[in-house]
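Colleague: Take a look at the letters that make up each chain.
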Amino acid sequence: MADELLVLRCRLGEREALAELVRAWHAPVWTYVRGMLDAARADDVAQEVWLAVLRGLPRLKEPARFAPWLFTIARRAVADHLREEYRRAETAATPELGEQAPGEQADVVDVVEALVERAELLAALSGLPVTEREILVLFYLEDLSIEDCAEVCAIPSGTVKSRLNRARRLLREQLAEKGYSR
Amino acid sequence: MTPEPNGPKKPDEPWLSAEEMIGRLSGVLSPWQRIRGAVALLAGVAGAVFIGSLWATEPGPLPVGTRLAFAGLAVFCLAWAGYGGWLVTRRVPLFAADQVYAGRLALVASTLTMALTVALTVQRGTGVLAAVLLGALFVALAATLTVRAHRTRAALLRRRRELLDQRATGDRTS
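So the sequences go chain by chain: H and X.
Numbering-wise (the numbering used here), the first sequence opens with residue 17 and increments by one.
Numbering-wise (the numbering used here), the second sequence opens with residue 4 and increments by one.
Looking at chain H on its own, in the form it has when it is part of the complex (with noise of 0.2 Å):
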């Protein structure tokens, strides 16, 4: 109700209460982003999503369903990005290493690194495919429900169960390579 209300205030202009809103927000809109994309790129990408929030709020149909609207707005950010990102990395890989001199393979390596760099994500979190990554995000550290993932994801309750049950073995899995033990 609290962010219903706030929500409200929101559409209503109230500049205090769209202040409010972005500190409120702000953490759980930076944690995905991060979850999602390198340090560096988080704050832009954070600003990117706010500015399409706000621009968006006054069509927001459901206040109460804010959380789920918000996250399907950064989740189509970052996507965006992360789509710009992986096409420059195979343009920039398209050339054969073979043929290179020593600066452009440097170049090449540079955007490997840049995107070892982004997959490595929050510690425990580093190594998992993306869409496994994003519903532990959403689930664990957005505290989303199974139906809101749902939703954010635009795919069936079903495939967020089983998404998130294949996550969660493969960070078993990941954490079991790297020495830990329950």
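Hints are computed from structural coordinates only; laboratory data are not their basis.
Hints should not be assumed to be uniformly reliable.
Pulled from the structure, derived: some chain H residues nowhere near chain X, Cβ distances all over 10 Å [stated by the list, open to error]:
no. : residue
1   : Ala58
2   : Thr88
3   : Ile89
4   : Glu101
5   : Thr107
6   : Gly143
7   : Pro145
8   : Thr147
9   : Tyr156
10  : Ile162
11  : Ile171
12  : Ser173
13  : Lys177
14  : Arg182
15  : Ala192
Between beta-carbon pairs, the in silico distance windows are [as the list claims (entries may be wrong)]:
no. : chain 1 : residue 1 : chain 2 : residue 2 : range
16  : X       : Arg162    : H       : Gln190    : 41 to 49 Å
17  : H       : Ala43     : X       : Arg94     : 21 to 29 Å
18  : H       : Ala40     : X       : Val111    : 35 to 43 Å
19  : X       : Arg151    : H       : Thr175    : 19 to 27 Å
20  : X       : Leu140    : H       : Gly174    : 52 to 60 Å
21  : H       : Glu20     : X       : Phe79     : 23 to 31 Å
22  : X       : Ser29     : H       : Arg92     : 37 to 45 Å
23  : H       : Gln190    : X       : Pro34     : 21 to 29 Å
24  : H       : Glu78     : X       : Leu144    : 25 to 33 Å
25  : X       : Leu140    : H       : Ser178    : 52 to 60 Å
26  : X       : Arg107    : H       : Gly174    : 30 to 38 Å
Using N, Cα and C, we set each Cβ at its ideal position, and we do this for glycine too.
For chain H, the structure is supplied; the task is to place chain X on it using the hints.
Modeller: Positioned in the frame of chain H, the structure of chain X alone reads:
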């Protein structure tokens, strides 16, 4: 690029504080910044309609220089209208209160423009019907938008009251 904050950056905490993020969003959070798109749109459309009426009701053929001046002014007004329309539809949100202000502004602007163009056409004795019809269309459109904005705001205010009442009841019972 993200500015360097004070102290070392931690990888798992936001580098920008919530207040810094609010500062970055000031263009969207400021009511004037939001309403200026509507002002530009209205001023541009009103100006273009008025210039167009002046031009269309000029008695006799005009010299090339005067025609160019009219065209230049009309393009200038339309450019402002385009900029305002782009701001309103793509860049800044209009919240319920903003929509009410924008609707009232539109109503005032369209009524004034209609009065001016009708007075002009009556004085020149040509195009009165077209001016009345076009003016009435703009006024009706502005009135519709204003009524809709008032209804939207009233519905939101009603729901806000309900939620505040529920909260107050909850506080009393707990």
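Colleague: With reference to the structure, classify each hint as holding or not holding.
Modeller: Against the structure, the hints:
{"no.": "1", "hint": "Ala58", "result": "violated (7 Å)"}
{"no.": "2", "hint": "Thr88", "result": "holds (17 Å)"}
{"no.": "3", "hint": "Ile89", "result": "holds (13 Å)"}
{"no.": "4", "hint": "Glu101", "result": "holds (16 Å)"}
{"no.": "5", "hint": "Thr107", "result": "holds (22 Å)"}
{"no.": "6", "hint": "Gly143", "result": "holds (16 Å)"}
{"no.": "7", "hint": "Pro145", "result": "holds (21 Å)"}
{"no.": "8", "hint": "Thr147", "result": "holds (21 Å)"}
{"no.": "9", "hint": "Tyr156", "result": "holds (14 Å)"}
{"no.": "10", "hint": "Ile162", "result": "holds (25 Å)"}
{"no.": "11", "hint": "Ile171", "result": "holds (27 Å)"}
{"no.": "12", "hint": "Ser173", "result": "holds (28 Å)"}
{"no.": "13", "hint": "Lys177", "result": "holds (27 Å)"}
{"no.": "14", "hint": "Arg182", "result": "holds (24 Å)"}
{"no.": "15", "hint": "Ala192", "result": "holds (23 Å)"}
{"no.": "16", "hint": "Arg162/X / Gln190/H: 41 to 49 Å", "result": "holds (46 Å)"}
{"no.": "17", "hint": "Ala43/H / Arg94/X: 21 to 29 Å", "result": "holds (26 Å)"}
{"no.": "18", "hint": "Ala40/H / Val111/X: 35 to 43 Å", "result": "holds (37 Å)"}
{"no.": "19", "hint": "Arg151/X / Thr175/H: 19 to 27 Å", "result": "violated (40 Å)"}
{"no.": "20", "hint": "Leu140/X / Gly174/H: 52 to 60 Å", "result": "holds (53 Å)"}
{"no.": "21", "hint": "Glu20/H / Phe79/X: 23 to 31 Å", "result": "violated (45 Å)"}
{"no.": "22", "hint": "Ser29/X / Arg92/H: 37 to 45 Å", "result": "violated (24 Å)"}
{"no.": "23", "hint": "Gln190/H / Pro34/X: 21 to 29 Å", "result": "violated (49 Å)"}
{"no.": "24", "hint": "Glu78/H / Leu144/X: 25 to 33 Å", "result": "holds (29 Å)"}
{"no.": "25", "hint": "Leu140/X / Ser178/H: 52 to 60 Å", "result": "holds (57 Å)"}
{"no.": "26", "hint": "Arg107/X / Gly174/H: 30 to 38 Å", "result": "violated (51 Å)"}
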